[in-house]
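Asks: Sequence:
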Amino acid sequence: MNSLCFSPSPLSSCSLSQSFHPFNTSRNQQAKPAETLRNLNLLENNNTPAFSEEKQMLSTKIGEERFSFFEKNKLPIIANEEIVGSLNSNYKFGSEFIRKFKTLVSGKGGKFVYYFEKDSELLKLKDFNNLLMDLVEAEKFDVAEKLFQEAQIYDLILDSRTFSTIIKCFCKKCEPHEAKQVLDQMIDKGFTPNVVTFTMVISSFCVRGRVKKAFEVYELMGRIGCEPNIQTYNCLMKGLCYVGKFEEAYKLLMEIKKSSIKLDIYSYNAVMDGFCKVGRSDEGMELLEEALEDGLKPNVVTFNALFNGYSREGRPLEGIKLLKSMKERYCPPDCVNYNTLLHGLLKWGKVMTARKVYKEIIGIGLEIDERIMNTLLRGLCRRSWTNEELSEDVEDVFERIKNAGFTPYPETHCLVIQTLAIRGETDKALATLNEMIRNGNSPTLITFNVVIRALCNEGRVDDATLVMICLSEIGKIPGGTSYRLLIKECIRQGRVVDSCTLYAAALKQGVSPKRPSRKMLEAGSMRKSFSSDIPIQF
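For my numbering, count along the sequence shown from 1 and bump the result up by 6.
Source of the hints: derived by calculation from the structure; they are not laboratory data. Do not take every clue at face value.
Said to hold, decoys possible - The list that follows gives simulated cross-link-like pairs (lysine to any residue, SDA-like), each with its CA atoms no further than 25 Å apart:
| # | residue 1 | residue 2 |
| --- | --- | --- |
| 1 | K257 | E292 |
| 2 | K218 | K257 |
| 3 | K365 | S397 |
| 4 | K333 | R389 |
| 5 | K434 | R490 |
| 6 | K327 | G285 |
| 7 | K362 | G320 |
| 8 | K264 | N314 |
| 9 | K179 | E225 |
| 10 | K179 | N200 |
| 11 | K362 | N314 |
| 12 | K303 | N235 |
| 13 | K195 | D133 |
| 14 | K434 | F412 |
| 15 | K263 | G320 |
Unchecked claim - Pairwise CB distance ranges (calculated):
| # | residue 1 | residue 2 | range |
| --- | --- | --- | --- |
| 16 | K327 | L372 | 15 to 23 Å |
| 17 | R388 | Q187 | 51 to 59 Å |
| 18 | N235 | Q155 | 28 to 36 Å |
| 19 | R335 | N235 | 48 to 56 Å |
| 20 | E181 | S266 | 30 to 38 Å |
| 21 | E145 | K257 | 15 to 23 Å |
| 22 | G430 | S331 | 40 to 48 Å |
| 23 | E376 | V284 | 22 to 30 Å |
| 24 | D468 | G430 | 12 to 20 Å |
| 25 | K303 | E181 | 29 to 37 Å |
Think of the CB as a built atom: it goes at the ideal place given N, C-alpha and C, for glycine as much as any other residue.
Work out the full structure, taking the sequences as your base and the hints as a guide.
Replies: Rendered as structure tokens:
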């Protein structure tokens, strides 16, 4: 299997997301000679004259407080239990570091602070490792690194778990080069990292697109005799796809299939996702069939890769067949699958099909993404202008967006207002227009014109005039269309003076509406419905 390679993906292995407590092995844990232990000051209970003299010499170099710290201050020290049994180490935390540690640590990591405050208690290496792990899990990466550095400064003999934990720290920070340095240091000290530790470093390189470095770590695994597992290969395949090497990823998949290592669904997912992202969804579907032949059960991630692929290729209706296939294979679609399918349908103008899928989602109680809801509503609005059956759907989706705590996008809000106005529901259009302005959004000039036109068609010149005034108050200059609509309706109602006032106001604002003809003015002046009860002011 050393000829096989791997890919980058934190998604490829569910085991990498779990709490990581590796127990690596050491080739020479018990190989430290007694003289070295004395030099490292591990023999706390050694009171021989020779050792006392050596202790005095060391205290001159390092500081007398290093040897008397525990006796004078009654603060805990660390004993390297795994290496020297029950012998106590004089490793200590400096007071400045303790202060900084207490300041920085909070939340989950803070539960270990009590180790620094108990009198006459030893902090074992096991406790030190637990503290380090807890800091990493709590994402207190800087504190964990500082703790690791301090341990090395004070010559504490660390074990494989310490190194593995700090490697995880760098991997979670997405700093693979630093993780590799600690890995090399770990091997130099005689420890053999396990497959989980290696896989973390490989995955970290892969998600950064450094696949060549990931393969270097893979080769290092082979040199020290650590066998890769399927999670390792999944990371490598994902990494190859990430940098566009899809054929290499597929070749690796086939090589693993011929080996003794059993593929899992994540292996197929990695390559399928790569194919689907470059317009090769049919090949992705073939891989799905192979996975089924191997007895693997596809998951929602598997199908979502295909949904995305069909959407990219302009074949969103294939997603409907895929949705049916998911249900037949007892893999219930989740909200991500439905949202991906809806996005593809709306992207390619399949609004009516999207409407059916939307109703199915609502029926089973799943949530729809805010962006998808807005896109669906805009599509329904445009279709409802020629299909009155969709009017109820427009109002339903609009209310669901608001009830879900979402704010309709400005372009969505404008289309809803226009739709209401076009359908003749001018009062609702006015209410929605006011709602949009109260929310701090500015309707487009086209939206105002549609509302003004609808009001003029109903003969509501005064309301249309108020909308015109509102348009000016929000800092927009009414266009020629707005004025022409009002002037024309005023003339139709015989309000010639008002029409002239509007024309003058337009010129004053630098707008040049079409000048009313003499024939129109004469026809308007003959109307008995002339009224100027509400003066027009600009």
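Asks: Against each hint, give a clear statement of whether it holds in the structure.
Replies: Against the structure, the hints come out as follows:
Simply put, K257 and E292 have alpha-carbon atoms about 15 Å apart, close enough for the 25 Å limit, and the pair holds. Of the supplied pair hints, the one linking K218 and K257 holds, its CA atoms being roughly 17 Å apart against a limit of 25 Å. The suggested pairing of K365 with S397 holds, with an alpha-carbon distance near 15 Å, which does not exceed 25 Å. Pair hint K333 plus R389 does not hold up; C-alpha atoms about 30 Å apart against a cutoff of 25 Å.
Distance hint between K434 and R490 is fulfilled; the C-alpha atoms sit about 24 Å from each other, no more than 25 Å. For a cut-off of 25 Å, the pair hint linking K327 to G285 stands: about 18 Å separates their Cα positions. The suggested pairing of K362 with G320 holds, with an alpha-carbon distance near 19 Å, which does not exceed 25 Å. Note on K264 and N314: the hinted pairing is violated, with a Cα-Cα distance of about 29 Å set against a maximum of 25 Å.
At roughly 24 Å between alpha-carbon atoms, K179 and E225 fall within 25 Å of each other, so this suggested pair holds. Of the pairs offered as hints, the one joining K179 and N200 holds, with about 20 Å between alpha carbons and a cut-off of 25 Å not exceeded. Distance restraint check for K362 and N314: the Cα-Cα separation of roughly 19 Å lies within the 25 Å cut-off, and the hinted pair is therefore satisfied. Taking the CA atoms of K303 and N235, the gap is about 20 Å. The hint holds against a cut of 25 Å.
At roughly 21 Å between alpha-carbon atoms, K195 and D133 fall within 25 Å of each other, so this suggested pair holds. Our distance criterion of 25 Å between C-alpha atoms is met by K434 and F412, whose separation comes to about 20 Å. Straight-line distance between C-alpha atoms of K263 and G320 comes to about 32 Å, which puts the hinted pair past the 25 Å bound. Roughly 20 Å separates the CB atoms of K327 and L372, a value that falls within the hinted 15 to 23 Å.
About 58 Å separates the C-beta atoms of R388 and Q187, a value consistent with the hinted range of 51 to 59 Å. Evaluation of the 28 to 36 Å hint for N235 and Q155 yields a pass: the beta carbon distance comes to about 32 Å. Remark: the range hint 48 to 56 Å for R335 to N235 is contradicted by a beta-carbon distance near 27 Å. A hinted range of 30 to 38 Å for the beta carbons of E181 and S266 is consistent with their spacing of about 34 Å.
A C-beta distance of roughly 38 Å is found between E145 and K257, which places it outside the suggested range of 15 to 23 Å. Distance hint check: the CB atoms of G430 and S331 are about 44 Å apart, consistent with the given range 40 to 48 Å. Evaluation of the 22 to 30 Å hint for E376 and V284 yields a pass: the beta carbon distance comes to about 29 Å. Range check, D468 to G430: about 18 Å between beta-carbon atoms, so the 12 to 20 Å window is met.
Take K303 and E181: their Cβ atoms lie about 36 Å apart, and the range 29 to 37 Å holds.
The structure fails hints 4, 8, 15, 19 and 21 (numbered hints given earlier, in ascending order).
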